[in-house]
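Asks: Assemble chain B onto chain A, guided by the hints.
Residues per chain, in single letters:
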Amino acid sequence: MLFNSFQFAIFLPTVFLLYWLVFRGRRWQNLLIVIASYVFYGWWIWRMLFLIALTSFCSYVAGLLIEHYEGQRRRQQLVSAANIVVNLFILGVFKYYNFFVENLDALLGSMGWHLDWVTMNFILPVGISFYTFQALSYSIDVYQKKLPATHDIIEFFAYISFFPQLVAGPIERATNLLPQFHRSRTFDYAKAVDGLRQMLWGFFKKLIIADNCATVVNEYWGQYSELSGWSLFLLGVFFAIQIYSDFSGYSDIAIGCARLFGFNLMRNFNSPYFSRSIPEFWRRWHISLTTWFRDYVYFPLGGSRCDKWKIIRNVYIVWAISGLWHGANWTFVCWGLFHATLLAIYNLLGINTKYKNIVAYGKWLPNIKEVLQMSLTFFLAVIGWIIFRADNMTQAVDYLAKMFTDPLNGRMLPEEYHGYMIWGLALLLIEFVQRDKEHALQFPNIGLYKCRFVRWGIYYAILLVIAKFAGEPQSFIYFQF
Amino acid sequence: MLFVLPSMGILAIVDYFYSQAAAKSNVDEIEAWYDLMHGQIDADVIVMGNSRACFHVNPLILDSILGTSTYNLGMDGSWFNRQINKYHLFRKYNRKPQLIVQTIDHLSLKYAFGYMMEQFFPYFGNMQMRKEILSQEPFTPWEKYVPMYRYYRRYNFEKIYNLLDSTSHTLTKGYKGVEKPWNGAEFRKLKSVRFEVNDTAMTIFDNYLANVKADSIKMVFVYTPHYIELNDKMENLEEMHATYKSFADKYNIPILDYRGMAICSDTTLFYNVMHLNKKGAEIFSDSLAQDLKRLGFLCNNQ
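Chains A and B supply the protein sequences, listed in that same order. When we follow the working numbering, the leftmost residue of the first sequence carries the number 179, and every step to the right adds one. When we follow the working numbering, the leftmost residue of the second sequence carries the number 4, and every step to the right adds one.
The following block holds chain B by itself, in its conformation from the complex:
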């Protein structure tokens, strides 16, 4: 007891202060949570989705065209189950938006955890985070309940220091513009690509849409641009279209499809087959904002 209890006590105190500081870090997607968890998102429009939301939709462009405030809650490397958990946390700490721009694609309705789990490290002391996310992510009990263990186990000392040192912003209202050159090599190695569906993810998605409708929040589905080569390799494109259309019809959600934009054949606007680079994202965001304005989704621009 003399050995264990004081150690745990000291570690708990260190963990509390370290996590407070680490929450401001821009390492490992931690930055994407700060505004949300501190109730600093004051937005009429939020963007939901995976990396194609996070890297494709520039909120500043939507703000300037729609005359409102937009925030991007897109999650890099995360499938729908994680996105919905982020949405729940967003609603707990921030006001209700008027419109949700929900990006959809062939990977959205998968159900998986475990990628980039470090982004949740600073929030292990937050009960809502524990309930929504930590209870489902594959953290070991040691990581969940022993103070500082998760940092010590997964990071080297340099990174533990860098977490406190790297506080410059890399995200703009949740959006990350990527400036990388085109690389289609990895995708070309793939023989085919499939729309993958998981029954649990479908159920969660359905419940999410029902809750959004019950909350009187408008929603629009958006197929964001991808490089045209993807169309040739997609095996079950019609199944994907039919699935999302069935949800759209059920909840009266319009679908905006940007996969046929002229930019989709221009490799200077993509950094890989699935993702626009910063310049491409700005062009797409402009088109999206113009269409949202024209369709009059928001009360203040009708």
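The shape of chain A in the complex, shown without the other chains:
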């Protein structure tokens, strides 16, 4: 079930009313969340429910066994490792099996052997990368004694399958989300209203900005060889705006929706396109994933507590895996390695940990240096997104080569699409003004914003814009991961 579907518009109020009015009490509410989440997820392909149930069950049992083997570290290690292997195996089969077979076939093909008969038609279960990592986070945290194992299977299943963030994150940590299922929740009107506002903003980003940019990108990407270099760059910018609006829009909807039920999910995007460096960009983009890799891969490899070359090695390993997490294609791996290279450069220059506050903190506007830094960072991010979006590495290389070497020869993008760019710039402007807020519709309680009718007027205006100008429906980009 998509957030931007009519079915969800019926589903959400129904679950909301049942949650607060009928299923009273923590345990009943958790049960309702499990049922609702499985209905939500099963709406696509109900057979995939067995996979998420299996993942949940394995990690739940792993947690209990780790607790049971208290004092027997070796056994705890084996259980944790086994759970990781099982979950990654499931993920690997559904997501990477054909990728590896096809590459192995290409390699062996040069020696005259062929494996193409071994490929299989696996349907990629929506959200498998997200909920698998969320499940792993639990068992690893229990092993590391960051939280006790839960004995309530309903609570655990609710944690894994919680529908607002099930299919595209944020990838929650057990230490943050699981205790919230263990506590009683009471209805908080202000929190619910702010959650709705955040959802509205998310829908605006997704339906107006992302889907309209997608129209341009989908239409012209395949014709890249005919476009001028400048148009190719613009197309890359369109995709950068599309993927940000799509993914952060989804996160806003997920976080806002969770707040309706009394849950606080972690922030997933924090104005990444206003970053002054690539390391800062990655502290602001898909925060839940980058911190997951930091905590569960980078730190165990030694993190930054080793010599410079080991740090760089660790960065490359993490980003290669991160690239692969995004999909079974060399373009994703190369995208990861591209960012690893940039991060390594910033690391070697010693400026990777700069810029913890948002740009122009405490000021109205950034200074010239900050503008140049943001422009460079955005430019580098666009290069990365071009690699990310390409169908294969040949296309990525061709695209970038043409973009840099032939800026003026070729077709230009039609002027009618310049309007979409204005929408994108308007989005960035609004988000810049509200950069210190959780989301752009968090109004200060002063002046005109105090008046309910002013706020409602803004909501109606956004709804009217969405109703009139929503682009052709596109699925959320990160569903494919």
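Keep in mind the hints are simulated off the structure, nothing from the lab. Where a beta carbon is used, it is the ideal one built from N, C-alpha and C, also for glycine. You may find that some hints are simply not true.
[What the hints assert, rightly or not] Each computed DSBU-like pair below joins lysine-lysine, with the alpha-carbon atoms no more than 30 angstroms apart: (1) 534/A x 488/A; (2) 162/B x 646/A; (3) 534/A x 324/A; (4) 534/A x 547/A; (5) 253/B x 221/B; (6) 183/B x 162/B; (7) 216/B x 253/B; (8) 646/A x 27/B; (9) 113/B x 236/B; (10) 179/B x 89/B; (11) 646/A x 253/B; (12) 183/B x 646/A.
[Said to hold, decoys possible] According to the in silico footprint, chain A covers these stretches of chain B (three or more CB under 8 angstroms from chain A): (13) 140 to 149; (14) 152 to 161.
[What the hints assert, rightly or not] If you want the ones that stay clear, here's a sample from chain A, every Cβ over 12 angstroms from chain B, calculated: (15) 183; (16) 220; (17) 286; (18) 440; (19) 616; (20) 634.
Replies: Only chain B this time, still in chain A's reference frame:
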């Protein structure tokens, strides 16, 4: 709730009154539904088909020659599946006719939806329309269930206003006479034309004919005139003839073929290869009416 429910309530009221007024509009084929949905078709003869029915058969000419009442239910831009849905609605709200003049051609037995869906907008509150047509047309759930959304989404504000302002009649008992100059350029770009058949459309057509026969309504198939150039480009003409003949033989339906009329080589009587202009339609309607009278299809002129 405080935000959503009053808004939906107000929109529902606005939608009801706006749609009532919009139903009288002559914009986007809306006019073609008013008489039908308000039970105002009192006809012994109805004409069924696509645009070649709608633009070719003038009911007033048939009325004057046959001495009866005729109504044209032809649907511009619509294949048979939509036509049959219109027929079902016609039967729900209007009395049974004596004779159906069913136009047939190489495009009739296609099965498709989606063209000019705006014509159904004023009737979203009508359960029969929802059942027959809206359930099959590719409207989004938002358009089907959120009041006023379909108008807002598909029209600009000028058109929303014009819907209420454009109430002068452009149809004459469902017929639209087209006064445009000849243009054969688009057709000449085509290499060939095929009789296209869809199995679902065939089944629906067969059921329709069976129901008409069961209702004791007479029927005649009519190949209306087209410009002679079409014959040269038609790839599977014999297949088309055989298909319609098989239906005609099964249900004992006579076939009247006007594709050999002298007017078929006169570009002053067509506005494109497939459609007669108003003058051509009047000549054809006269011939059709004379033949219907001569063949004695109607009880009151035998």
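Asks: Each hint should be assessed against the structure and marked as holding or not.
Replies: Quick rundown of the hints versus the structure:
For a cut-off of 30 angstroms, the pair hint linking residue 534/A to residue 488/A stands: about 24 angstroms separates their Cα positions. Distance restraint check for residue 162/B and residue 646/A: the Cα-Cα separation of roughly 14 angstroms lies within the 30 angstroms cut-off, and the hinted pair is therefore satisfied. Taken as a hint, the residue 534/A and residue 324/A pair is honoured in the structure, with Cα atoms around 26 angstroms apart against an allowance of 30 angstroms. A hinted pair counts as satisfied when its Cα atoms are at most 30 angstroms apart, and residue 534/A with residue 547/A qualifies at roughly 16 angstroms.
For the hint pairing residue 253/B with residue 221/B, the CA-to-CA distance comes to about 14 angstroms; that is within 30 angstroms, so the pair holds. The hinted pair formed by residue 183/B and residue 162/B meets the criterion: a straight-line CA distance of about 24 angstroms does not exceed 30 angstroms. For a cut-off of 30 angstroms, the pair hint linking residue 216/B to residue 253/B stands: about 11 angstroms separates their Cα positions. Using a Cα cut-off of 30 angstroms, the hinted pair residue 646/A and residue 27/B holds, with the two alpha carbons roughly 25 angstroms apart.
Taking the CA atoms of residue 113/B and residue 236/B, the gap is about 19 angstroms. The hint holds against a cut of 30 angstroms. For the hint linking residue 179/B to residue 89/B, the alpha-carbon distance of about 17 angstroms falls within 30 angstroms, and the restraint holds. Under the criterion of a C-alpha separation no larger than 30 angstroms, the hint pairing residue 646/A with residue 253/B is inconsistent with the structure, at around 51 angstroms. Of the supplied pair hints, the one linking residue 183/B and residue 646/A is violated, its CA atoms being roughly 35 angstroms apart against a limit of 30 angstroms.
Using a Cβ-Cβ cut-off of 8 angstroms, 4 residues of the stretch 140 to 149 of chain B lie near chain A, which meets the minimum of three, so the contact claim holds. For the stretch 152 to 161 of chain B, the assignment as covered by chain A holds, since 3 residues bring a beta-carbon within under 8 angstroms of that chain's beta-carbons and 3 suffice. The non-interface label for residue 183/A is inconsistent with chain B: the shortest C-beta to C-beta separation is roughly 8 angstroms, within 12 angstroms. At roughly 19 angstroms from the closest C-beta of chain B, the C-beta of residue 220/A stays outside 12 angstroms, upholding its exclusion from the interface.
Under the 12 angstroms C-beta cut-off, the non-interface status given to residue 286/A relative to chain B holds; the minimum distance is some 46 angstroms. Every CB of chain B is more than 12 angstroms from the CB of residue 440/A (nearest about 18 angstroms), matching its label as outside the interface. Annotated as non-interface, residue 616/A keeps its C-beta farther than 12 angstroms from every C-beta of chain B; the closest such distance is 21 angstroms. Residue-level check failed: residue 634/A sits 7 angstroms from the nearest beta carbon of chain B, not beyond 12 angstroms.
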